[in-house]
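S.K.: Sequence:
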Amino acid sequence: MKIGFLNVLLPIILIGICIGVLTGLSVSPVIQTVVSCILTFVVSLFTLWVSIEPAKKNEVLPFIGKVHVAPVLCLVLGLTAGAFLGIYVRTHDLLSPKSANGQVMEAKMVDSHSTVLFAEQVDLCNAVKAYSGSALIGSLRGFGEPKINALIDSVGEDKPEEIKKILTVMVCE
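Note that my numbering gives residue 11 to position 11 of the sequence shown, counting from 1, and the numbers run on in steps of one.
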């Protein structure tokens with residue numbers, strides 16, 4: 001098989017980068033190991049298949065073919081570059097949702113089983129700081145967040161300062 005850049009080497013580099021990115025983005029060591037092992041095994045077989053050139057009939061060992069190093073090298077380089085790219089994207093939160101001012105939004109944990117507010121943290125914190133009384137309740141209801149509405153209903157609309165204290169601790173700190 002003729003080994004050209006566009007028909008063999010470029011696809012192998014891209015496949016290696018994709019596998020590396022999947023491995024680098026994964027936080028779970030089990031997923032990293034299983035996904036990378038399975039995909040690398042399959043792609044390595046493909047790479048070996050396109051790398052082997054049949055032996056010529058007049059050679060001493062005609063059943064042993066010649067292996068080209070370029071596809072294997074491209075796979076290893078692609079895996080390495082993809083892993084670096086995936087780790088960079090994961091550690092710098094490039095795929096995390098951002099609020100209006102560019103800060104990464106985070107859900108705060110109340111306990112180990114449930115998260116509390118999925119609204120944009122910065123906007124919610126600004127509303128809690130800016131309003132008081134019935135204006136605070138109206139502003140909070142305007143977010144349309146079920147968890148905020150449940151908090152208001154459980155504490156009571158007649159206690160906006162108590163709601164303000166709770167949300168200040170949960171969201172703004």
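In case anyone wonders, no lab produced these hints; they're calculated from the structure. Careful: at least some of the hints might be erroneous.
Pairs of lysine-lysine, DSSO-like flavour, derived with a Cα cap of 30 Å [said to hold, decoys possible]:
{"id": "1", "residue 1": "165", "residue 2": "129"}
{"id": "2", "residue 1": "147", "residue 2": "165"}
{"id": "3", "residue 1": "129", "residue 2": "147"}
{"id": "4", "residue 1": "164", "residue 2": "147"}
{"id": "5", "residue 1": "159", "residue 2": "129"}
{"id": "6", "residue 1": "129", "residue 2": "164"}
{"id": "7", "residue 1": "147", "residue 2": "159"}
S.K.: For a quick check of understanding: which of the numbered hints are violated here, in increasing order?
M.R.: Failing hints: none at all.
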